[in-house]
Every structure is written in structure tokens, then in C-alpha cells.
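Asker: Listed below, chain by chain, are the residues.
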Amino acid sequence: MGERVAATAAGAPGEGGSAFARTRSGGPGAAEVDREPERGEGGSAFARNQLRFIRMLRAAGIPVVVSQTLAWFQALELIDVGRREQVFHAARSLLVTRAADLPLFDVLFDRFWNLGRTGGRAPHAIRPPRPPQQRPRPAAGASFLGQAGRPDDPEVDVIDRRRTWSAEEVLRSKELAVVRRALLALRWRVGERRTRRLVGDPAGRRLDLRAVLRDAARHGGPPLRLHHRRRKVKPRPLVLLADVSGSMERYSRVVLQFLWVVARRRTDVECFAFGTRLTRLTPSLKLRNLDRALEAAARRVIDWSGGTRIGDSLAEFNRRWSRRVLHRGAVVVMISDGWERGDAARLAHEMRFLQHRCHRLIWLNPLLGQAGYRPLVAGMAAALPFVDDFLPVHDLASLEQLARRLATLPSRRPERRQSLVASSFSAAEPADLLAEPNHGNPRQQSSVGERRIG
Amino acid sequence: MVLDSIDDTAATLARHDYIADAGLSTCVFLALKMGRALFLEGEPGVGKTEIAKVLARALDTRLIRLQCYEGLDVHQSVYEWNYPRQLLEIQARAADGAAGTDGHEHGTEGIFTEEFLLKRPLLQAVDPSLERAPVLLIDEIDRADEEFESFLLELLSEFQITIPELGTVAARHRPVTVITSNRTREVHDALKRRCVYHWIDYPSAERELEIVRLKVPGIEERLAGQVVRFVQSLRAQELYKAPGVAETLDWATALGHLEAADLGAETVDATLGLLVKYQDDVDRLRGPLTRELLREAAEGTG
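Taken in sequence, the protein lines are chains A and B. The first sequence runs contiguously to residue 507 in the working numbering. The second sequence runs contiguously to residue 1321 in the working numbering.
Here chain B stands alone, though its shape is the one from the complex (with noise of 0.2 Å):
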């Protein structure tokens, strides 16, 4: 599939059920022409994942995900061979040997062979055999350390790898590629520069109600409308850490299974644990705070 401009970009995102901004659709049509890897920061529950969920679902290819996290190497993401095979396959030609019925192969030859690679995210995206380009999503990069971030700098340039033992695999489509990061810690400009950089907000009260009508099929108008407002408020309020978006339809799902028509402050109180994850944001929300930003929220509907 072909997407010829932003406007596009977006009405296909949206048919795959993905609301995106200006700014968002235009980092993506962009990533996708120039063929650069699409970098996005933001808080969490924004939505960063999905897109690469998205991409592929309407890019009709495979997803492959790299899930990063501390200490994250080599042999997790690119290859590793298969060190158990390989010690049974020394042993038995061993045996073999010794029976006297002799295979094709002696001692270790053949080991370091793509029967016993084991391929890891990174070199599955590059695997030239792919009939189209893949969507490949390394998620959460600030989890990884330095060492991964330069390693992926290089992957990032050529998308060959080389396997010493093997020699060098190119991939023939480039794949499509997203990067995400919650920005736990400062990620090297050297690698975003090499990317569409995009800053994923939260959504404003529209494009918010907009994807709880779209992900929580049924869900009462009034209440959709009551939901959004409320998540506003709170994100202006002052918490170590405020609801997404995925908080958001977490609850308005939750309220629907409590077939809440309206919004009251002891539904409220009960349901905040899906909202806010600190103890901290509960405690201070919960009575009198609650009430106020429901009068507000009220408002809004009348």
C-alpha cells in the first residue's frame, strides 16, 4: 500500500482504528517516504506502541518487536546459536565416530551453520527472504543501555548485519521502523537525528473523546464526554504522575462494566486506582479534590 500524502497518512491510520494529530501523521508519512526509522518519545500510555501495531496491521506485514530493557545485547537481539544443539550434535557424531558408522560431517564442522543460528528480532528484520518490508518496533529504548544504543545507530544506517561465523545478511526491503522511549533517561541525539523525531502529547479533550467513542464501543455519550473532562483536570493537576490515555479508556471501560450513566464521586473514589498508579496521586485526589474537579467536569456537559 501506497500512502501519496499526509492527509492520506492519516484517513488509513484511522481506518485501522488510530487517531493521529497533524504532527503525528506527518513524522509517519515522512519516516515511511524517506525511509527513516520514526522516533517517539512522550509519556507513557500515549499510544507510542500502537502506532507500530497500526503500521503493520495497514501495511498488511509482519510486526517484530524488540522489547529493550537493561543489559540488553547481541545475543538477545540480533543471533545466538543454539549452544544446546550444538553440544548434542559434537556428542553424537562422537558416538558416531566411535561406532564406526561414520556421518558426512566430523567433529565440529558445520556447527556455526543456519541450522543452529537462532534468530532474534534485529536479524529477523533484516532477513532477506521477507517478501515485504516488515514493521520493526524496539520498544522503550531508554531501557537499554548505552552500548545497545550505538549498536543500533550502526543497524540503523545500513540494516546489514554481520555474523562472523556466517558473513553479512542485508536486508532487502528496509524495514519499517519505530522507535519508542519514555524518556526514563536522555537518549543520544546522534541516533534520533537519524530518525523522524516526534513528541507524542496528551490529546486534547477532542481528539481524546474521539478515541473513547472509537475504543469503547457502547459507552453512554454523556459519560464519554464526563471521562474526558475529568482526565483533563486531573493531568493539570499536580501528580507525580498523571493518567494516559490508555488510563483513560482503561476507566471508561471499567465504568461501563459498572454501567455508570453519570460520574459520581463514590464511583470515582472507587475506580481511581485505574486512573493514578501512585498511592501518593490516590490519597491526594480522593474526597474533597474529586468532588470539585466532578462539579467542573459537570459543568462542561450543561
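Here chain A stands alone, though its shape is the one from the complex (with noise of 0.2 Å):
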């Protein structure tokens, strides 16, 4: 295709043309990687401008591969170049593919064209341009975990006086090394269920016609053999919420170390980090280095270590992102202690929308490994109704007891209460909630352990 599109770009008069005819390249993984004709090879100015446009945009992340320089080039032959505005949306349609990376090219744009000019109007200047590199490390949170790769690391006070994570199992670096490595041996599926796509099996229930007579047409006869099919099964997707308060900091190493191997391990894996506001963390976490994944984690996260205010957090999760990552009978594993420092009623709100659009919503708190835990905290109570699983990560045991939960899920979803209206908690105290999760079955109920204090 790329050659395709060369070819016609080539074809095409004026400027761009014969700069271009020499990007033709072996394959297509080839001209995927930055094969730009070179500046100055024959180019005209303007030719020269539209290279480092596409450069800056390189730059400042937003992907653009030859193929698409090619098809601008072959756009501005089309469209009017003395009308900003449309050499605006030309731009935008051919090199940009991301929603997400709209408004970071809207600045651009106008960054770019409008040198020299003054009041200039930025046509969709909605966001102030974020390219990662530039952004100010915040304080903690970055200085924590950037500290990662440094051999020799000084003592972060990570280790937890509330003895959840044992003397064996402080965190500094090296431990941290274990605890990864632990991680890594687990194989973290996810339970699976079925798709609607039918793959050929001769114990399937559905009868495979097109095999049946391609058969009988091999032999030039009636059919005489059946084939079946049944319908391929896939493991959930999964949403990882992580809460990097200030309440959980010293978890945030443990958090983040078992966010990237699980998005690592997984393709359909969703991260998220939250505080007083969300971050989404797909993207860095699947970065192949730990120390890079993490350090980019935290460049993103702006809130590390401050407050906490689950109930806002999951509304923009709930608003912005639900529809397009719980898709598909996903399940979504919570890691929080639930210290919210907003609205308890809005935290349980949230949590009722969340649940109901989910195959199975986990809860993973670090403080239901000490004995004596009891979920009384105003937020973790109003959340735990909506829980599916109640379960503590403090220690090696309980995240291979996690990994075990995630692979034997249930094919159905756990019945949960109906009958709670949104009004029905909004006045009720926190304390007077329901303290324990929701369990309509026995083997839910099983999950929570003994650790659960009724």
C-alpha cells in the first residue's frame, strides 16, 4: 500500500513529487520506519516546511508513519493551501489517528503555521500541548520511583510499620526485585469466556456445513462425514484500577511493579492510577523496561501521594472510560484501602455503575491481611456492597491467592442485590451500610476468607 501511494505521489505534478519517488521501499515493515526523504533533497520551501511539520509531531508523540507523509503530499495537491483552514483539517484527517491525540496536534498546528504571527486563532485550541518530556516531574511521586534503577538506592521508607508486609518482605530495591520476580512466575490468565466466533472441533455441538460438503465434494459424492464447531473461548479483559495515595504510597512500588507485569503478561489489560483524579497508565506500563514502565507511570500521575477521592475518580472512570475499556465480560480488580476523603455516597453510586458493568469487580486491600482488619473506614463501607471479591494483597501468599481467583473465575456473573436504589444509601450513614461485600453465593462468600470480620 505504501508503494501504492508513493507511486501516485510520484505521478502527481509539482513540488513533492520527485522527492518522494525514492521512499519506495522492500516491504512494508520497511516503510513503516522513519524512511523520510531527506531534507533539502530537491524540495521546495514549502515542501521543507510540511517535512518538519511532520517531524515536530514525531517529536512531540504523535505517530506518523511514511505512508501518511505520502498521502498529505498527495492531499495538498487536491485541497486549496492559500485556505488555512482547510490545510488545518487535511492535516488532522491524514496524519493524525488518534482521538486522543487531537488537541496535542490542534497546538501544534497552530504553533507551527502561525510563526511570526500574532493573534493568530488557534482554531480547537482546547488543551495546552503535553508532550511527556517537557512536563515538571511532580515532587514524590517521580522522586520515589525514579530512584528505581540507581544501584545504590538510598532507604526509601517503604517498609510498613503496620507489619502487613512481613520483616522478610521490606521493599527497598532488592526485595523489590523479589517480590518482582514472584510476579513474574505467576502466569496471571484471566478467566475466559466465549466468543461468538466458531472454531472447527469434533466435539462441538454446531454442525460445520462448509466442511461437510467440501468433503463430500472432494469425493464427488452425498456427504458422508460430519464436522462440527463450538464456539472459541478467549480470557476477559481486565481493568486494573490502583489507588497512589498518600495512604497507599508505600504500596505504590508493589502496586506499580504488579500493574506492568500483568500488562505485560496480558494484551487486554487496562491500568489505571488514581488519587484525586484519574490517569490512565496502559500506555506506559507497556513499555518493556520495569524502570522506564514505572518512570513513565509517574511522569503521568500528578497527584502522587496527596489525597483521596475514590468516588471522583471512578465517576471519570465510569463517565470517560467504562464504555470503551468494560467491554466483553471484562473484570475489574480495585487495589485501594479504601481511605476516601470525598463523599461516601457518591463513592457507593459510582461503585453500583461500575459493578453493574462488569463480569466480576475485585477489591484488593492491602490491610485485610492484618488480623483485627475491619472494613470500617467510611469509603471501603460504602463500596463493599458493590464488591463481587473482597481480598487483601500484603504479602507473596495473597497475590498468588489473587492470581488463582483471576483464573478460576466463574463463568457467570455472582448475583448481586438489585434492589439498592441510587437514593436509598445517598442518606443513610456510612457506618450503617452494609460492612461486608456482596455475596449471593457460597463460593463468593468463600472468597473473602476468614479475613472477613462480619
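The reader is advised that the hints may include incorrect statements.
Here chain B is said to cover these stretches of chain A; the calculated rule only asks that three of the stretch's residues, wherever they fall, bring their Cβ under 8 Å from a Cβ of chain B [claimed, not checked]:
(1) 110-122
(2) 148-156
(3) 229-239
Treat the hints as calculated values from the structure; they're not laboratory data. Values in this document were obtained by computation on a predicted structure and should not be read as measured data. Where a beta carbon is used, it is the ideal one built from N, C-alpha and C, also for glycine.
Grab the two chains, each in its own frame, and use the hints to assemble them into the complex.
Answerer: Structure (C-alpha cells):
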């Protein structure tokens, strides 16, 4: 396809053409990498400016491949380049492929083509540019995580004085490596669901007429053998929501490692962090190198170790992301101590919304590992009625327990309390709310285990 | 019909009752001129599917629609053999053979020919016998799975389909392709790069008013203004699902049927279900918030 466009561009009259004939390359893979026509290769100043603009987009993190550049030059022949609006919209439609990049593109376009102009109107300037490299590092989180790679790691106070991570599992970087190895050793399978796609299977229940008749055609007579199909199974999508607020600070590094391992192991995983607001971490955590991934993640989160507004963060998730990531029977895992500084009723409301839209809602609470812990904090108490599994995460054994739980999720949704209406809990005192997780069936009850204190 | 410029495109769409902003007109123009698919992403109800229908009307050609869903595969999107007919044919031939009244063909000869082929939308779109390029609408691609995406990627570059038993079918006219996505999942970049990509936003107040006037003929000017201002202010609210243009039009039409001359709080409360579709949102809006928004909408009038 790259070749085809290249040919068209080369054939078209005008300044751009000749310079681009040379980019025709071997495979599509080669075309995808940065094989840009070099600057000054016979192009006009106009063409060179276009290329500079594209390089600027790339530098800011908008991926533009060569085939797109070629399409852009092709389009320049078709539009009225004297009309800024046309140039803007054409560039936007051919050089950007992600809605999330559009605001950034708008600002960059304006900046680039407005050089030396004053009073130029930004067509759609909504947000300031956010090239990740330029953002000032947040104090607490970045320094805390940024040290991950240094050999002589100064002591960071992440020792849990509440003895949840036991003395053998103190979280200095050496021990973090132990946790990482343990995490990597687990398979992190997520319970499967049946898709609507059919695959051939002798034991299947559906007749595969296509195969039957093809067989018949092969021997030229009536069908002699029956073939069958069944529905293909796939692991469920997984959505992880991690609390990185002040009260969870001591666990942040383990939690992020956990997210990274799971995100690397599974394809259909989405990760978010929240404190007072929600941050999507998925792209950062897909990085191969752990330290780099954690650094990238740390840069994204702007409210490390701050206050906690779980309800507000969930509201943002429910409105902005739930339709996009909670599809096809997704499993949601929340990691938080439930320490809510905002309105507990709001948290309950958003939890209910979330629970109704996922296959299973699992809440991991590091405090649950402590003897005598009771989920009495207002936020935790408000959220608990909408949790399908309430599990501890305080040591390696609990992580293994989680992995087992995820791998053996029942294929049916748990029975849930349907009678709670939004208005009924807004009036109630948080402490009056059912301080125990939803348990419609006995299997679920067991998942809470002996740690649950009614 | 040939579209010469972006302005011409916008005018043509407007003639067919579609009000497109500069961005969309540019994209439609480029897609047609460059022979690329138009990839439209946006919230539900902002007129993504409509553009394909309008294009088919404007180009005076056939609209071929493929509605995507999970598990959509080659058999439902490209072609399938008519198995019952094939089986009957084999049976009939066996009976003929027994009766000694032998036909021309034996056994399974010729049961994989065009006569037994069921053409699904994608195969219809590349049919070389088509007089002119059809409009191919691939609706809600985000509902299909990745396997289908990669198949589509191939189709979009060649517009030819190979049926092992019959050979290759290649389009004589490249179909005008429109792909829509509600973004319930991210469609792969590789596919979007082959398209002209456009994010359809909610329209501005002026444009939405224009749309309401056009699509709800006979609506009172004053009411139309109130409706649009109210809906626009709803979109600024924290809702689980904001109303799209489709909802605005439904609502305006309903208000017309109710012969409401003015937007009153009772009317809004009674018809809120046409605008917002989640009970949580209805609960949130009903009552004081509605009144407040209405006051704002009314102020805009004076």
C-alpha cells in the first residue's frame, strides 16, 4: 500500500513529487520506519516546511508513518493551500489516527504555522500541549520511583510499620526484585469467556456445513462425514484501578510492578491510577523495561501521594472510560485501602454503576491482611456492598491467591443485590451500610475467607 | 457526479440535508478524491452512519451496509455457500442417477459455482458488474473483533476477494468506503492510517440549531432555540451518557407532537427519557437541576 501511494505521489505534478519517488521501499515493515525523504532533497521550501512539521508532530509523540506523509503530499495537490482551514483539516485527517492526539495536534499546528504571526486564532486549542518530556516531574512520586534503577538506592521509607509486609518482605529495591520475580512466575491467566466466533472442533455441538460439503466435493458424492464447530474461548479483558494516594504510598511500588507484570503478560489489560483524579497508565506500562515503564507512569500521575477521592476518580472512569474498556465481560480489580476523603455516598453510587457493567468486581485491600482489620472506614464500608470479591494483598501468598482467583473465575456473573436504589444510600450513614461484600452465592463468600469480619 | 472542491462538497451534502462542518467536508472530499476510506469516530448519535446514506444519495449509487458485531467472520461479511441448496442438488442428482434419467452433471460437480453462492455485503461491494462505485458502509467496526480488522485491512488496499473454489473477484470501481466506530474499543492504527480519519464532535450550538430546523420542519423558532441551548448545557453536565444529535432531534420532534410552545419544567421532566438514556442520569437531572438549566436556556432567548 505504501508503494501504491508513493507511486501516485511521484506521478503527481508539483514540487513534492520527485522527492518522494525514492521512498519506495522493500517491505511494508521498511516503509513503516523512519525513512523520510531527507531534507533539502530537491523539495521546495514549502515541502521542506511540511516535513519539518511532520517531524515536530513525531517529536511531540504523534506517530506519523511514511505512508501518511505521502498521503499528505498527495492531499496538498487537491486542496486550496492558500486556505488555512483546509490545510488544517486535511492534515488533521491524514496525520492523526487517535482522537486523544487531536488536541495536541491542534496546538502544534497552530504553533507551527503561526510563526511570526500575532493574534492568530487557535482553531481548536483546548488544552496546552503535553509532550511528556517537558512536563515538570511531580515531587513525591517521581523521586520515589525514579530511583528504581540506581545501584546504591538510598533508603526509602516503604517499610510497612503495620507489619503487613513482613520483615522478610521489606520493600527495598532488592526485595522489590523478589516480588517482581514472584509476580513474573505467576501466569496471570484471567477466566475465559465464550466468544461468538466459531472454530472447528470434532466435539463441538454445531454442524459445520461448509466443511461437510467441501468434504463431499472432494470425493464427489453425498456427504459421508459430519464436521462440527464450537464457540471459541478467550480470556476476559482485565481492568486494574490502583490507588496511589498518600495512604497507599508504601504500596505504590509493589502495586505498579504488579500492574506492569500483568499488563506485559496479557494483551487485553487496561491500567489506571487514581488519587484525587484518574490517570490512564496503560501506554506507559506496556514499555518493556520496568524502570522506564515505572518512570513513564510516574510522570503521568500528577497527584502522587496526595489525598484520595475514590468516588470522583471512579466517576471519571465511569463516564470517560467505562464504555471503552468495560466490554466483553471485563473483570475489574480495584486496589485501595478504601480511605476516602470525598463523599462516601458518591463512592457507593459510582461503585454500583461500575459493578453493573463488569463481569466481576474484585477489591484488593492491603489492610485486609492485618489481624483484626475491619472495613469500617467510611469509603470502604460504602463500597463493600458492590464488591464481588474482597481480597487481601499484603504478601506473596495473597498475590498467588489473587492469581488463582482470576484464573478460576466462574463463567456466570455473580448474583448481586439488585434492590438497592441510588437514593436509598445517600441518606444513610456510611457506617449503617452493609459492611460486608455482596455475596449472592457461597463460592463468593469463601473468597473473602476467614479474614472477613462481619 | 464530481465534487470539485471542499466548498462544493459541503454544498452538495447540504443539498441532501446533511450539514457538515469544515472538517467533515474536507475529509469527505479527500476520501473521494484520494480513493481512501473515510474513518469516522465519535460518540453515538452524532451522524456518522447518516453520512454514508447521504453520500449514496448524493452520488446516486447503491448503499451496501455491513453492520459489525462480535464474531463477525468471512461467512457473514463476504460470502457463504448455500448449503441446503447444495445438499438438495446432490440428493436430486443421486435420485436421477438411480432412475436412469441422468442429468448433465454428476455427484458434486458444479456445486461450488456462482449459482450456489450467497453474496454478503463485502462481496457485493466488489462485484465487477456494478455500473458505478457503490457506497460501502462498515458500521460500528469497534464491535467486530481484531480478526475482522486485519481482514478489512487487506480488502481496503486491494478491493479484491479470493474465493478458493471460484477464483478472484476484483472491483471495477473502488467502493466509496465509510467506516464508523463508537470507540468502545481502540481500532488498530494500521487500519486508520489507510483512511481519512475524522473525529465527529458534538455540533456547535449554531450548527445544531441549523440541523434541528432542517430535520424537524415546522418547529417554532423559539422552541428550537431553547431545545438546542438546553441540550448543549446538558452536554456540559457530568452525565454517564450525554445526548447526541439524534437525541436532540427525537426530543424536538416529541415536543412538536406535544404541541409545546415553550420549554417548561414539567414538559422536560416528562420527556427527559428521550434525551438521556441512563436512569442515573435521569434521576440526577430531574427537578432542581432541570429548572436551573431551563432558566439558562430561557435567558439565552431574551
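Asker: The structure should be examined with respect to each hint, and the outcome stated for every one.
Answerer: Comparing the hints with the structure gives:
1. 110-122: Check passed, 4 qualifying residues.
2. 148-156: The restraint on the segment 148-156 of chain A holds, since 5 of its residues have a Cβ under 8 Å from chain B and three suffice.
3. 229-239: violated (count 0)
Going down the numbered hints, you'll see the structure goes against just number 3.
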